[in-house]
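**Student:** Residue numbers (this note's numbering), protein chains in the order written: chain A, 1 to 344; chain B, 1001 to 1344.
Be a bit skeptical, because a hint or two may be false.
Simulated pairs of lysine to any residue, SDA-like, Cα-Cα distance not exceeding 25 Å [said to hold, decoys possible]:
{"id": "1", "chain 1": "B", "residue 1": "1189", "chain 2": "A", "residue 2": "184"}
{"id": "2", "chain 1": "A", "residue 1": "178", "chain 2": "B", "residue 2": "1191"}
{"id": "3", "chain 1": "A", "residue 1": "189", "chain 2": "B", "residue 2": "1036"}
{"id": "4", "chain 1": "A", "residue 1": "189", "chain 2": "B", "residue 2": "1295"}
{"id": "5", "chain 1": "A", "residue 1": "189", "chain 2": "A", "residue 2": "99"}
{"id": "6", "chain 1": "A", "residue 1": "178", "chain 2": "B", "residue 2": "1098"}
{"id": "7", "chain 1": "A", "residue 1": "194", "chain 2": "B", "residue 2": "1091"}
{"id": "8", "chain 1": "A", "residue 1": "116", "chain 2": "B", "residue 2": "1337"}
{"id": "9", "chain 1": "A", "residue 1": "189", "chain 2": "B", "residue 2": "1091"}
{"id": "10", "chain 1": "B", "residue 1": "1071", "chain 2": "B", "residue 2": "1117"}
{"id": "11", "chain 1": "B", "residue 1": "1178", "chain 2": "A", "residue 2": "229"}
{"id": "12", "chain 1": "B", "residue 1": "1239", "chain 2": "B", "residue 2": "1315"}
{"id": "13", "chain 1": "B", "residue 1": "1189", "chain 2": "A", "residue 2": "99"}
{"id": "14", "chain 1": "A", "residue 1": "78", "chain 2": "A", "residue 2": "44"}
{"id": "15", "chain 1": "B", "residue 1": "1189", "chain 2": "A", "residue 2": "93"}
{"id": "16", "chain 1": "B", "residue 1": "1147", "chain 2": "B", "residue 2": "1117"}
{"id": "17", "chain 1": "B", "residue 1": "1047", "chain 2": "B", "residue 2": "1036"}
{"id": "18", "chain 1": "B", "residue 1": "1239", "chain 2": "B", "residue 2": "1305"}
{"id": "19", "chain 1": "B", "residue 1": "1194", "chain 2": "A", "residue 2": "93"}
{"id": "20", "chain 1": "A", "residue 1": "178", "chain 2": "A", "residue 2": "143"}
{"id": "21", "chain 1": "A", "residue 1": "178", "chain 2": "B", "residue 2": "1218"}
No lab work stands behind these hints: they were computed from the structure.
2 protein chains.
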Amino acid sequence: MSELRYNYLWDTWSVVAPERERRPHDYPPHTYPSKSDPSKCPFEPGKEYLSPHEIFALREPGTAPDTPGWKVRVVPNKYPAFRIENPVEPFRAGIYDAAGGFGAHEVVIDTPDHFKHPHNFTVEEMRDLLYVYRERMRSLYGDSRIKYVLIFKNYGREAGASLTHSHSQIIATPRIPKLIDTVVSQSRKFFREKGRCYLCDEIGYELNETVRVVYENERFVVYCPFASLVPFQIRIAPKYHQSDFSQISDSDLYLLSDALRMALRKLYKTLVNPPYNFFIHTSPPVRPFPERPNYFSGMELFFHWYLEIMPRITVHAGFELGSGYVINPTTPETAARFLREVLL
Amino acid sequence: MSELRYNYLWDTWSVVAPERERRPHDYPPHTYPSKSDPSKCPFEPGKEYLSPHEIFALREPGTAPDTPGWKVRVVPNKYPAFRIENPVEPFRAGIYDAAGGFGAHEVVIDTPDHFKHPHNFTVEEMRDLLYVYRERMRSLYGDSRIKYVLIFKNYGREAGASLTHSHSQIIATPRIPKLIDTVVSQSRKFFREKGRCYLCDEIGYELNETVRVVYENERFVVYCPFASLVPFQIRIAPKYHQSDFSQISDSDLYLLSDALRMALRKLYKTLVNPPYNFFIHTSPPVRPFPERPNYFSGMELFFHWYLEIMPRITVHAGFELGSGYVINPTTPETAARFLREVLL
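Chain A on its own, in the form it takes in the complex (with noise of 0.2 Å):
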């Protein structure tokens, strides 16, 4: 029997139908389209000058911007959706409302290497990885215009990625993303009817049941939400309450690392190499905001980050589209239980 099932965050509803059940095996395989050839990639090193001047790099000792010896490098989009140098402004365009296209788009490399996935990153080239989103989002909220920073990866051609080489995005905003608008406004909501925070309630409630769970380490947990939008979604988050990721610690970093490293060496092994999505919801910074002047009064008792990984092994059709309900065909239990148990 199919059951509907709500994602308090997100407000919205999952419809989980075991009569809709797929196992692993049921998912054709995901074959990475790897025929890019190295030689063309604008990622290689040694072909700093065909992106624009490098923003941050972690390079070795004693190495040049925009030249070989880096390990993270991080450059502007050449193709943004947003431009620092384009207005914020809101405008009226005849009867509709519109915008400026004010904000960032930059590409993360997460490696020089050509051939490597964050499947098979070592601890510490993960760690690198992650310490550079931290110091992105650092860096960008430094720009009191910016209002949201999302992080994420497109992993293979059906999650749109356009290029081969093991590449992250980033996204500034000079408004908060309706997604984040209304995780926050759950998260408020639940706050102010309960007295704490949902995610901590939702983490504590998913490490007792364990059924859901697929890792854990000292400091975080990896689970298949109760709600998920698609089969084998995974989420991270840290066990002990923080709402801004870009205030993680190092040696939180480190654990991350691990914890992102074992959920995607699972998925990559249980589903063959799937494409997949996943991005970092953090609380937006603390900011004057006219328009809502309360918007931030509690925000770090009520926010709690998390990293999300969506599989794209399952196409959203037209009754997701026209409902914004969404139909997952596994699940998270079965999800779990694959993950948990595969061998790595």
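Dock chain B against chain A, hints included.
**Tutor:** Chain B in isolation, oriented as in the chain A frame:
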């Protein structure tokens, strides 16, 4: 310079980015996966025994249910996401909210011809299909537990179609889907502020501006919405106010058939057979709603039904999934110009 554009009805923002502009020939052609063998297709005339018993059909006079002679045939989905037999009641699952999977999930076999798709339909064939949509919607609303009926079509594998034989789907749900609820509340807000229907205003403005209009006939307008979520998105709406698709007249069905057929033929020609979804957003039927007693007040004045076509030629990636914003690399003005001018 890119722009953020506000979609009033759905309360979402689209980034329209001419820097990323693509023209039709920049999109790869999508060949429809017609490898499925008609002799193995469960929707062929003569194979009626492969489907559950038919719910409704447009038939030659004198032919019996579940036998050949039908023009359009409706059967229960063999793998339903919702079932009439399921309970409707919400329940608690540990700390989470859940509800039974009550509802209906039907398949409309659009044509007996395995190789015919809506862009090849005659006006009469398309009218017959729309007639069946209307009749099923009227019938399902006879069950007072049903709060909404979503009619949609998935064409092509990238749009979620698993069988090539042309078919549509109908899902009836015991709650008003989130997206419809948003359309209702946004339309109500506009009506309270201005005393007018939002979509009547939009249609009047677009017909006057003409730049985003693709086609019109006496009763319907076909245009690319200002804040389109995807490239070449097309909206079809009645020019004169009508809230409820199930109340459409027979003569308007014929003119809607003309408009939908033209839109799909233009899309086929412009994008070389792209995958797409379409769905109808209509006002929920007026019903007792104890939790929200004023929910339906004025609904017939402020809700304006429309049919939305969403080509699936781009992938929503980490940014869209993580933010709820979308990046649309083709302006609706460019899309409309190509669609308007293409030779049929």
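**Student:** Now look at each hint and say whether the structure bears it out.
**Tutor:** These are the hints, each one checked on the structure:
no.	hint	verdict
1	B:1189 x A:184	holds, 23 Å
2	A:178 x B:1191	holds, 23 Å
3	A:189 x B:1036	violated, 51 Å
4	A:189 x B:1295	holds, 22 Å
5	A:189 x A:99	violated, 29 Å
6	A:178 x B:1098	holds, 24 Å
7	A:194 x B:1091	holds, 20 Å
8	A:116 x B:1337	violated, 43 Å
9	A:189 x B:1091	holds, 20 Å
10	B:1071 x B:1117	holds, 13 Å
11	B:1178 x A:229	holds, 14 Å
12	B:1239 x B:1315	violated, 32 Å
13	B:1189 x A:99	holds, 21 Å
14	A:78 x A:44	holds, 16 Å
15	B:1189 x A:93	holds, 20 Å
16	B:1147 x B:1117	violated, 31 Å
17	B:1047 x B:1036	holds, 15 Å
18	B:1239 x B:1305	holds, 10 Å
19	B:1194 x A:93	holds, 18 Å
20	A:178 x A:143	holds, 21 Å
21	A:178 x B:1218	violated, 38 Å
This entry does not satisfy hints 3, 5, 8, 12, 16, 21, going by the numbered hints stated previously.
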